[in-house]
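A.B. asks: The chain contents come next:
Number of protein chains: 2
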Amino acid sequence: MAHKNPSPAVDIIIEMVDRPDRPIILIERLNPPYGWAIPGGFMDYGEPAETTARREAMEEIGLAVDLVELLQVYSDPKRDARQHTVSLVYIATAKGEPTAGDDAKNAKIVNVWELPNNLCFDHDRILHDYLQLRHYGIRPRVG
Amino acid sequence: MAHKNPSPAVDIIIEMVDRPDRPIILIERLNPPYGWAIPGGFMDYGEPAETTARREAMEEIGLAVDLVELLQVYSDPKRDARQHTVSLVYIATAKGEPTAGDDAKNAKIVNVWELPNNLCFDHDRILHDYLQLRHYGIRPRVG
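Protein chains in written order, with this note's numbering: chain S, 1197 to 1339; chain W, 1197 to 1339.
Quick caveat, the hints were computed from the structure, so don't treat them as lab data.
Certain hints may be false.
Note: identical chains are not told apart, hence a pair may lie in one copy or across any two.
Claimed, not checked - Taking lysine-lysine pairs in the DSBU-like style, the calculated list, with each CA pair at most 35 angstroms apart, reads: (1) K1291 to K1200; (2) K1301 to K1291; (3) K1304 to K1291; (4) K1301 to K1200.
Could you build the full structure based on these sequences and the hints that come with them?
C.D. replies: Written out as structure tokens, the structure reads:
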């Protein structure tokens, strides 16, 4: 097809349910843009989004995740400077010790009241939306 | 990029809020696969998903829609026999008279208790999920 498409990707907010207060996982990116982000990656052709989510979690932090729900889809063409990327953001749970691998240089477990600012892409906004849902039951609005 | 991606698309469940019982719109497709479906189409590069939803509704049924919420994302590689298509399904509202245009041969307004079976793609499943949310407040599960 000649039609040029945005590239679908999956990002995952992973709650560590074997710790107090369900902290989440951030990874330090090995490739540009450098900095901290939630784990994720591009969907492969022929791969359902849920499979992408489980695959990327295993590749980047070495943990099996259980998907809980879809938070929202983020598709602003400016959210990723590399190309137009449509991110499906899932909330998931995991247990154990994350180990950075593949595209992740480091992985850390962070309490939700200690999230850093200036995350990569639009992950500040995504985590803001996540906390609105987690704390107040308010789902992200669509435009 | 050499990476082959699934193609992101948007489908829209449009509730006619100027009629009793908020009936929804189905379109008869002009192109294969033939049959009835909810309106929708592929995202253009550089276009946010919400813009795709409004554009496709205007092109296919000639109505401006207000987006209410994202129902779910459907990404099973078998859901579209043409290619791997990731569908972002929005719920929206509209008023007025739909007029079939662009890829739609016909448009009709249908009560939710009179939905036909054997819609195109996985639109039977999508409308089942929609009715679970509309009638019982139960959101679609992720795999």
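A.B. asks: So which hints don't hold here, by number, going up?
C.D. replies: none
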